[in-house]
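Engineer: Sequence:
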Amino acid sequence: MRKLATWVLAFVFVLSFAWPSMTASAQDGAMKLVVDGVEVEGYENAFMSQDKILIPVDDLFKEAGFKVTKEAPGKLNVTNTYLTLDFSIADQQITVNGEATNEVFPLTLRNYGNYISSDFLNSLEGFEVTVSEDTVNVTTNRVQDVDAFLEKMLAADLKSYAAKMTLDQSMEADSEEFSMNMLMDMDMSMTTEPISMHMKQSLSMTMGEEKEEVETESYFTKDGFFMTEGDEWTKFPAQLTDGLLEATMAQADPLAQMEMMKAFMKGIHVFEYDDVYIVVQTMTNDEFKEMMEEAMSLITGLIPGLNDDSVSDVEATLVEETTSEEEATTEEDATAVEEEAVTEETVEAYLEEGAEDIDLGSILEMLNINIDEFYSVTVLDKATLFPQSVSGTTVITMSMDGETVTITQLIEGIYSQFNAVKTIEVPADVIENAVVMEYDEVEAVDVEEETTDEAETEEEAA
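Going by full-length UniProt numbering, the first residue of the sequence shown is number 1, and it counts up by one from there.
No lab work stands behind these hints: they were computed from the structure.
Cβ atoms here follow ideal geometry from the backbone N, Cα and C, with glycine treated the same way.
Possibly wrong hints are sitting among the right ones.
To be verified - Cross-link-like lysine-lysine pairs, in silico, DSS-like; alpha carbons within 25 Å at most:
1) 164 with 422
2) 422 with 159
3) 67 with 382
4) 200 with 235
5) 200 with 159
6) 211 with 200
7) 382 with 152
8) 159 with 222
9) 200 with 164
10) 32 with 52
11) 222 with 164
12) 422 with 200
13) 422 with 222
14) 289 with 67
15) 222 with 200
16) 289 with 62
17) 211 with 164
18) 62 with 32
19) 422 with 235
20) 52 with 62
21) 52 with 75
22) 32 with 67
23) 382 with 164
24) 235 with 222
As the list claims (entries may be wrong) - Pair by pair, the computed Cβ-Cβ distance ranges are:
25) 275 with 429: 43 to 49 Å
26) 73 with 403: 28 to 34 Å
27) 182 with 428: 31 to 37 Å
28) 272 with 223: 18 to 24 Å
29) 193 with 391: 36 to 42 Å
30) 240 with 169: 19 to 25 Å
31) 273 with 157: 20 to 26 Å
32) 384 with 209: 45 to 51 Å
33) 215 with 275: 34 to 40 Å
34) 435 with 402: 52 to 58 Å
35) 50 with 181: 47 to 53 Å
36) 169 with 272: 31 to 37 Å
37) 169 with 50: 46 to 52 Å
38) 184 with 132: 47 to 53 Å
I would like the entire structure built from these sequences, with the hints used as guidance.
Structural biologist: This is how it looks when you write it as structure tokens:
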């Protein structure tokens, strides 16, 4: 009953936003909105009011590649990080990059006043507005041939750089025991010829009432992967590091990330300003799943136990478990039985049955992952096309066995020392004194952790 009441309230809340838009669109005087040659469709329309042409903020800026955030009714934030606008009915003003303007706001009570005048929009950097009969044409400063731009950017002569990154991640679950907050700071130097990396990392993690802080330092070169959490250095076995260096470099290399972005051109917007390019990437659920498949194909074979050949094994396991349920008499029943079979127990049973090759892609599919928000921004120097900074927000929900988990990730990074980082080498004393971890030891640690988890679960059950 509580869940039903929640859904009803949610529906009423959504309807309260939709209703003003629907009634407004039914009125006379509506004008078509075209942004960079694309007609924008939606409940809201541009219209004439008191000799001013008013344009719906949501539709306009979303089509233009900006991030639009409704902080509260009558309070709206629009940004691509270079240009930020805040609309506030309470303050009766619009601010641009934190500076108050003389623009009157709101000019209408439709849709909580979330409209911008064509004159004011025309005054903003990167926007040009023209009106012809019943159409409002908005031209932005976006690069039209994104593919050609990315090709040019990928050809940038970037051989080494330094970076400082901050990753702020929170995980909220229906059950408080699975909720977690993590803050990670990374200071790294990287070279591509030869491929090498030196990184210092501090991690602070809170889970329930438990808090853990860890500081590590690592080297990743042709000599191997070395890491320390204190005075003692450890060298990881080649079975774990072969190919992992390239994968790690690709993950941290902004140009390599742009190469992957090329597969998802629809969500990429490149804004051209006087001295920088602003590269924005948004992503839908379908595009996210495609990217995950691409990522899975890149790491297949790099990590022991992951293999594409296991897809059929996973599917066969699920089919066998599903068909063992009571025979469904309708299509709805069949769907319900299949969904019931794909639970946490299904995944655990599959893993415990000893499949030598674990297909991570299938497991991710079982988790019913949905991307609620993805907005990433990279600032490039206009002359060199080297990255200056990166920022991004990702919100993902996943569910299994009735448990829903929401993961929110915020990332901020600054790049520097372009082509100025010298060759990174592991210090001789680190190589000489490092304790070499055998691959069997890694497997033993995994088994020990699994045994400990099982024991704790049994104690809780008792």
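Engineer: Give a verdict on every hint.
Structural biologist: We went through each hint and held it up to the structure:
| no. | hint | in the structure |
| --- | --- | --- |
| 1 | 164 with 422 | holds, 17 Å |
| 2 | 422 with 159 | holds, 10 Å |
| 3 | 67 with 382 | holds, 22 Å |
| 4 | 200 with 235 | holds, 16 Å |
| 5 | 200 with 159 | holds, 20 Å |
| 6 | 211 with 200 | holds, 20 Å |
| 7 | 382 with 152 | holds, 12 Å |
| 8 | 159 with 222 | holds, 17 Å |
| 9 | 200 with 164 | holds, 10 Å |
| 10 | 32 with 52 | holds, 15 Å |
| 11 | 222 with 164 | holds, 23 Å |
| 12 | 422 with 200 | holds, 17 Å |
| 13 | 422 with 222 | holds, 15 Å |
| 14 | 289 with 67 | holds, 21 Å |
| 15 | 222 with 200 | holds, 19 Å |
| 16 | 289 with 62 | holds, 22 Å |
| 17 | 211 with 164 | holds, 24 Å |
| 18 | 62 with 32 | holds, 16 Å |
| 19 | 422 with 235 | holds, 23 Å |
| 20 | 52 with 62 | holds, 22 Å |
| 21 | 52 with 75 | holds, 22 Å |
| 22 | 32 with 67 | holds, 22 Å |
| 23 | 382 with 164 | holds, 21 Å |
| 24 | 235 with 222 | holds, 12 Å |
| 25 | 275 with 429: 43 to 49 Å | holds, 44 Å |
| 26 | 73 with 403: 28 to 34 Å | holds, 32 Å |
| 27 | 182 with 428: 31 to 37 Å | holds, 34 Å |
| 28 | 272 with 223: 18 to 24 Å | violated, 43 Å |
| 29 | 193 with 391: 36 to 42 Å | violated, 28 Å |
| 30 | 240 with 169: 19 to 25 Å | holds, 24 Å |
| 31 | 273 with 157: 20 to 26 Å | holds, 22 Å |
| 32 | 384 with 209: 45 to 51 Å | holds, 48 Å |
| 33 | 215 with 275: 34 to 40 Å | holds, 37 Å |
| 34 | 435 with 402: 52 to 58 Å | violated, 44 Å |
| 35 | 50 with 181: 47 to 53 Å | holds, 49 Å |
| 36 | 169 with 272: 31 to 37 Å | holds, 32 Å |
| 37 | 169 with 50: 46 to 52 Å | holds, 48 Å |
| 38 | 184 with 132: 47 to 53 Å | holds, 52 Å |
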